[in-house]
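Enquirer: Given next are the chains, with one letter for each unit.
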Amino acid sequence: MSIKRSKGWKFFSSIKLAIWLLASIATVSIIGTLILQNKSAAEYISRYGHSTYKVFSAMGFTHVYSAWWFILLLGLLSLNLTVCLLNRFSLKLRSLGTTIAHLSVLVIFAGALVGMFFGQKGFVKIYEGQSIGSFESHGKKVSLDFSVRLNDFIYEENISPDEKIVVSSEDGSVLEEVSVEIGTEAKIPHTENSIKVLRYVPDFILDVSTKKVVSRSSEPRNPAVEIELNTAGETKTLWVFARYPDIHNTVVGGVKIKYVWAYRRPKDFISNLTVIKDGKEVLKQDVRVNCPLKFGGYTFFQSSYDKTNLVWTGLQVVKDPGVPIVYLGFVLLVLGLGIRFYVNPMIK
Amino acid sequence: MNPLYLNVSFAACLLAAVFYAGSLFFKNKSFAFLARLSALAGVIGLPLYIGVRWHIAQRPPLSNMFESLVVFAWAILIAVIITDLKYKIKSVTLCGAFMAVIALGYASLLNKEIVPLLPALKSNWLTIHVLTCFVGYAAFTVSFVASIVYLVQVKFTAQANANVEKLDSLSYNMIAFGFLFLTLGIITGAVWANSAWGTYWSWDPKETWSLISWFVYAIYLHVRHTKGWRGAKAAWLSVLGYLSVLFTYFGVNYLLSGLHSYG
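Keeping their order, the protein sequence lines are chains A and B.
Taken in order, the first sequence gives residues 87 to 434; the numbers are from the working numbering.
Taken in order, the second sequence gives residues 494 to 756; the numbers are from the working numbering.
These are calculated hints, taken from the structure and not from any lab test.
Mixed in with the good hints, there may be bad ones.
Claimed, not checked - In silico EDC-like cross-links for lysine to aspartate or glutamate, where the CA-CA straight-line distance does not exceed 20 Å: (1) A:K282 - A:D293; (2) B:K615 - A:E129; (3) A:K211 - A:D248; (4) B:K605 - A:D248; (5) B:K615 - A:D354; (6) A:K250 - B:E658; (7) A:K353 - B:E658; (8) B:K615 - A:E243; (9) B:K615 - A:D231.
To be verified - If the Cβ cut is set under 7 Å, some of the chain A residues that face chain B in the computed set are: (10) S88; (11) I101; (12) A112; (13) V114; (14) S115; (15) Y151; (16) W154; (17) L324; (18) W347; (19) R351; (20) D354; (21) V375; (22) Q402; (23) V404; (24) L423.
Said to hold, decoys possible - Derived CB-CB ranges, DEER-like: (25) B:P496 - A:D257: 33 to 41 Å; (26) A:A109 - B:A550: 39 to 47 Å; (27) B:L602 - A:G258: 35 to 43 Å; (28) B:H548 - A:K297: 46 to 54 Å; (29) B:T719 - A:A348: 32 to 40 Å.
Just so it is clear, the structure is predicted and the values come from calculations on it, not from any experiment.
Note that CB positions come from ideal geometry on N, CA and C, so glycine has one too.
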C-alpha cells in the first residue's frame, strides 16, 4: 500500500483539517490577548488570585504561545500544509500562486525554527563609562569577541509649545512669553530688560554638601528653569519654579516672571556606543529606536532606560539566522497571493 | 491647524450618503450623479487635509487614532466609488458611504492636536505599514456591508434575484483583493518590529488579533474555493472577519494593553 493511500495521509491532506486547525489556532490565540503573558507568578496572583493562577498556569494560559498544545497545533498545521503541498498542488501555471503562497507559510515556520534553535537573544544593561563583552541568551552565557561601551545615554524631549516663561509687568499685564529652549534670549518690550534661558532641571534639588543645583531624577517632579535677567546693565540669575510660582512671581527688576510647565513628550532615547575589538576602538555609533548597531553578526537595539536615573541603557542583543528565511517566506507569500488573486483572475 | 478641508470632506461624505439614499428611493438619475460628485469631493478633500497636516507636522500624519481614521475614511470612500462604478448596487454604496461618515464622525470627536512622533514611530515603515493596512480594511468594509445587505435581502425579500448573486461576488472579490493588503500590513509591521526591537513577532495583542483576522479571511477563501461556500454562510464569515478587524483596530487599543498603543 502506498503512503498516499494510508489513513494518516488522507487525514493530513484534508482541507477540512486545515480549516479546523486555522479556526482552533485563531480561537486559542484570543486567550493570550486577554490574559497577560509571561509575567511573574506574583503578578498573576495579585491580579487573578491564587486558585485562578494555578488553573491558568496548569493550562498554559500564562504562556499560550509556547504552551505544548499551541506548538502541537502549529505542528499539525505544518504537517497538514506539507501533505497538501505534496498531494494536491501541481506545477501547473494555474496553481502556481496557490503553491507559492502555501509553501511560503512553511518557509516562514522554518525560519522561525532556525531562529529558535540557532539564534541568540538577550538583554544587557550597560552603565555610562562601562562596557560589556557577554550576554545571557536562553539561560546560557554568550561571550562576544568584542566589547561594547556606553559613552553616554541621552534622553531627549520635545518641548511643548505650551511650555513657556511668562514675563509680565507689576500690574500683571503680559509683556512677553519666552520659549524655555536653552539659550533663548529675548528683549522684554516696554522695559529696558532682557532675559536669557540658561538651564532646565526636571526635578530641582539643592545638593546640601556642594551647594549646587542638581536634578534628583529625570521625572518632572519639580521642573525649574534658571534664567538670566539683565536690568539696565545689572545681571541677575535666578531659578523659577513651575510648581511654586510664588517664589519669583514677586517683582524682579520691575517685572514678574512665571514659569508655565507642560508635559514633554519623549523625542529620542540615544545610546552613544563604542565597539572595542582587540583593544582598539573600531566603531562609534548612536543607537536609537529604529536605528540599531550592527557588529560581528549581532544587532544591538535600544530597549530600555531608567527614567529616574539616566545613567544606564538597556539593549536587546540579537543574532537571528532565521530572519532571512522568514523574509524569504514573506516575499513568497506576497508573490503567491499576488499571482493567485491578481494575476489569475486577469488571465481567466 | 485649519480643519477646513476635513470639515468640507466630512460634509461631502455626509451628502454622498444622503444622495445615495436618495438614489435608492427615487428614480431620479440626478441623485446618483450628485452622490458620486460628493464622494469624489471627499476623495479629493481628505488627502488635501492629510497633505496640509503632513506639511505642518513635518511627518506623515498616520500616528494616532484620529489620523488613522481620516486615512481609513479616505480609503473607504475610494472603495465605495470603485464599487459604485463597477457594481452599481445602491444599497452597498449607501452603506459604504455611511461607514466613511461614521469614521469621520468618530474622528471629529477625538483630539486633533498635532503632537511630535514617539521614537518608536520614527521610521519609514510607518507610511507603508499604515497605508497597506487601511487599503485592506477598506476592502473588508465594503465586503462587510455587501454581506450585511445580502443577509438582509435574503431574509426580507422572497424572490431570489440577480442582485443577490452580485452582492455575494462583490463580497468575495473585496476579500480576495483585501487579503493581500492585510498580509502586507502584517508583514510590514513584522519587518518594522524587527528593525526597531529585534523581534519580528512577539505575540503582542495587536499582532495576534491581526493574525486572527487573517485566519478568518483565510478560512473564508478556503471554504469558498474548496467547499463551495456561497451566500449566507460566506456572508456570515465575512461579517465575522470584519468584527475581528474592528477589534484589531479599536478593541485592542481600548481594551487590551500592548506595544501598539498609539492607534
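Enquirer: If a hint holds in the structure, say so; if it doesn't, say that too.
Expert: Now the hints, each set against the structure:
1. A:K282 - A:D293: violated (24 Å)
2. B:K615 - A:E129: Measuring from Cα to Cα gives roughly 32 Å; hence the hint is violated.
3. A:K211 - A:D248: Not OK: K211 of chain A and D248 of chain A at ~35 Å, beyond 20 Å, violated.
4. B:K605 - A:D248: The given pair, whose Cα atoms are some 16 Å apart, holds under the 20 Å limit.
5. B:K615 - A:D354: holds (9 Å)
6. A:K250 - B:E658: With Cα atoms ~64 Å apart, K250 of chain A and E658 of chain B exceed 20 Å; violated.
7. A:K353 - B:E658: The hint is violated at about 53 Å.
8. B:K615 - A:E243: holds (14 Å)
9. B:K615 - A:D231: violated (32 Å)
10. S88: violated (24 Å)
11. I101: holds (5 Å)
12. A112: With Cβ-Cβ at 4 Å, under 7 Å, it holds.
13. V114: At 10 Å from the nearest chain B Cβ, V114 of chain A fails the 7 Å test, so the hint is violated.
14. S115: Holds, because the Cβ-Cβ distance from S115 of chain A to chain B comes to roughly 5 Å (cut-off 7 Å).
15. Y151: holds (5 Å)
16. W154: Result: violated, 16 Å to nearest chain B Cβ.
17. L324: violated (30 Å)
18. W347: violated (17 Å)
19. R351: The hint holds - R351 of chain A has a Cβ within 7 Å of chain B, the shortest such distance being about 6 Å.
20. D354: holds (5 Å)
21. V375: holds (4 Å)
22. Q402: Result: holds, 5 Å to nearest chain B Cβ.
23. V404: Since the shortest Cβ distance to chain B is 4 Å, the answer is holds.
24. L423: holds (5 Å)
25. B:P496 - A:D257: 33 to 41 Å: Between P496 of chain B and D257 of chain A, where Cβ atoms are some 37 Å apart, the hint holds.
26. A:A109 - B:A550: 39 to 47 Å: holds (42 Å)
27. B:L602 - A:G258: 35 to 43 Å: holds (37 Å)
28. B:H548 - A:K297: 46 to 54 Å: holds (49 Å)
29. B:T719 - A:A348: 32 to 40 Å: About 59 Å separates the Cβ atoms of T719 of chain B and A348 of chain A, which means 32 to 40 Å is violated.
Of the numbered hints given earlier, the model fails hints 1, 2, 3, 6, 7, 9, 10, 13, 16, 17, 18, 29; all others are met.
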